[in-house]
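**Q** What follows is the residue order along each chain.
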Amino acid sequence: LAKTTQPISMDSYEGQEVNITCSHNNIATNDYITWYQQFPSQGPRFIIQGYKTKVTNEVASLFIPADRKSSTLSLPRVSLSDTAVYYCLVRTDSWGKLQFGAGTQVVVTP
Amino acid sequence: EAGVTQFPSHSVIEKGQTVTLRCDPISGHDNLYWYRRVMGKEIKFLLHFVKESKQDESGMPNNRFLAERTGGTYSTLKVQPAELEDSGVYFCASSPGSLGTPNPWNTEAFFGQGTRLTVV
Numbered sequence: 011l012a013k014t015t016q017p018i019s020m021d022s023y024e025g026q027e028v029n030i031t032c033s034h035n036n037i038a039t040n041d042y043i044t045w046y047q048q049f050p051s052q053g054p055r056f057i058i059q060g061y062k063t064k065v066t067n068e069v070a071s072l073f074i075p076a077d078r079k080s081s082t083l084s085l086p087r088v089s090l091s092d093t094a095v096y097y098c099l100v101r102t103d104s105w106g107k108l109q110f111g112a113g114t115q116v117v118v119t120p
Numbered sequence: 005e006a007g008v009t010q011f012p013s014h015s016v017i018e019k020g021q022t023v024t025l026r027c028d029p030i031s032g033h034d035n036l037y038w039y040r041r042v043m044g045k046e047i048k049f050l051l052h053f054v055k056e057s058k059q060d061e062s063g064m065p066n067n068r069f070l071a072e073r074t075g076g077t078y079s080t081l082k083v084q085p086a087e088l089e090d091s092g093v094y095f096c097a098s099s100p101g102s103l104g105t106p107n108p109w110n111t112e113a114f115f116g117q118g119t120r121l122t123v124v
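Each protein sequence line maps, in turn, to chains L and S.
Positions in the first sequence are counted from 1; adding 10 to them yields the working numbering.
Positions in the second sequence are counted from 1; adding 4 to them yields the working numbering.
None of these hints come from the bench; they were simulated from the model.
Just so you know, even glycine gets a beta-carbon here, dropped at the ideal spot from N, CA and C.
Heads up, a few of these hints could be off.
Examples of chain L residues lying across from chain S (beta carbon under 10 Å, computed) [as the list claims (entries may be wrong)]: (1) Ser-51; (2) Gln-52; (3) Gly-53; (4) Arg-55; (5) Phe-73; (6) Ala-76; (7) Gly-113; (8) Val-117.
With the hints as constraints, model all of the structure from the sequences given.
**A** Okay, here's the thing in structure tokens:
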């Protein structure tokens, strides 16, 4: 499984855009990039997944450059409720295990 | 639609006792996973069921841990006997699909709230 590296923490103010960049230099051709969010005392929750270029949903956008060695999760106009840990994962197959790293603790303040 | 449910939410047991955690996946999900986070560490994979069969149990720490999935529905994770280092939060997750049906974009895993296990 490809190893991922992301910032340990990021602080932001309400209304700002938060961009979290994840490095995955050893990503394989068939791997997908997936992001999960976790609030305290809850299980991780799927946010977004992509293979290349840009993916957008109602929660976030995911930018993946052509070489796919990194990806950036973009959270537009964050609110206090976006305070959570965000995990970048690389999935080798559709049904296999998820390998969690330390994640990025995002703290949003007023 | 009900999500993944885990029971109990909290459990405090003494070292040497037995504890059984239960997970009810989302109805119809073939894949069921167990993960755990011990204090200060990352979330680690334990095992993966496809229906009632163990697809991958490479993350099971030792033979004190026994996972079952009766009839491909709910799953139990038994720890016997429990040790202090087993304390942590145990998460269950489920996802749809099967190995025989490639569907790479439908790969979201739905997690339960977790069971916090404390061994004293």
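**Q** If a hint holds in the structure, say so; if it doesn't, say that too.
**A** Okay, the hints, checked on the actual structure:
Against a cut-off of 10 Å between C-beta atoms, the interface hint on Ser-51 of chain L holds, since the closest Cβ of chain S lies about 7 Å away. For Gln-52 of chain L, the interface hint holds, since its Cβ comes within 10 Å of a Cβ in chain S; the closest pair sits about 6 Å apart. Hint on Gly-53 of chain L holds. Least Cβ distance to chain S is approximately 3 Å, under the 10 Å limit. Contact between Arg-55 of chain L and chain S, as hinted, is supported at the beta carbon level, the nearest pair being about 7 Å apart and thus within 10 Å.
Hint on Phe-73 of chain L is violated. Least Cβ distance to chain S is approximately 18 Å, over the 10 Å limit. Proximity of Ala-76 of chain L to chain S is violated relative to the hint, the smallest CB-CB distance being about 20 Å (cut-off 10 Å). With its C-beta approaching chain S no nearer than about 8 Å, Gly-113 of chain L sits inside the 10 Å limit, and its interface hint holds. For Val-117 of chain L, the shortest C-beta to C-beta distance to chain S is roughly 19 Å, which exceeds 10 Å, and the interface hint is violated.
The structure shown violates the earlier hints numbered 5, 6, 8.
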